Amino acid sequence: MPLTHRPPPHRAIPTPVRRRARTRNPAQRLRTAVAVLPRHTRIAMLRGIDANRIIAGGYSDKRAGGICPMLAAHRNGGRTNLASFARAWDRFTGARRPRLATDRELRALRSYIELSLLEDEQPDSLASLARRIRRERPARKPKRRRRLGAWLIPTRRYDVFTDRVVAAHEQASEQRAARLLTSRRRRAASIPSG
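The sequence shown begins at 212 in this note's numbering and counts up by one.
Derived from the structure by calculation, the hints contain no laboratory data. Predicted, not measured: the structure shown is a model, and the values here were computed from it. Hints are not guaranteed to be accurate.
[To be verified] Label-pair ranges, simulated between beta-carbon atoms:
#1 Leu326 x Arg346: 25 to 31 Å
#2 Thr366 x Leu317: 16 to 22 Å
#3 Gly305 x Asp331: 45 to 51 Å
#4 Thr366 x Leu328: 53 to 59 Å
#5 Phe372 x Ala341: 40 to 46 Å
From the three backbone atoms N, C-alpha and C, an ideal C-beta is built for every residue, glycine too.
Modelling step: build the complete structure from the supplied sequences, incorporating the hints.
Next comes the structure, spelled out in structure tokens:
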């Protein structure tokens, strides 16, 4: 009798569905890996990027004559061993075997390092800096807001547009005249007759 495929029996108790872990953005992984490096390692890595040919996908490559950014940092005094940086760098570059890093990849790495160094130098948070600026700024009088409604409806024809502009000017001048008359009446009413 030949073997046939049987469908799995229905289960009375549902089993939980496993969800795949979200894959993070490789650029965000690299930025985080750079941010957790010690300061002296980041400075040494900047010097190493300038002084050496940088590769992706390996520790060193004799054919291309390059080294990875972590080895470049190590050779420039940043003696740190952090495997998460190497994984993040290789994931960011997408390299499966050693190759020279592209200019775009090097610019991104340099900008992440420089950004993390700048963030270390800022003693205050952005919110506290904004509060300090508001306190030091001289107090301004609140501006009186005028009502600026839509006084002109968009149109496609020029002759209709000019007619509407003329009508809008007439309406505005009538409103100004009405305001002047009411203000004169108020002044006249406030002066005691004697």
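Results for each hint:
About 28 Å separates the C-beta atoms of Leu326 and Arg346, a value consistent with the hinted range of 25 to 31 Å. In this structure, Thr366 and Leu317 break the distance hint of 16 to 22 Å, their C-beta atoms being roughly 55 Å apart. Look at Gly305 against Asp331: about 29 Å separates their beta carbons, and that is not inside 45 to 51 Å. A beta carbon spacing of about 56 Å between Thr366 and Leu328 agrees with the range 53 to 59 Å that was offered as a hint.
A hinted range of 40 to 46 Å holds for the C-beta pair Phe372 and Ala341, which are about 44 Å apart.
Hints 2 and 3 from the earlier list are contradicted by this structure; the remaining hints agree with it.
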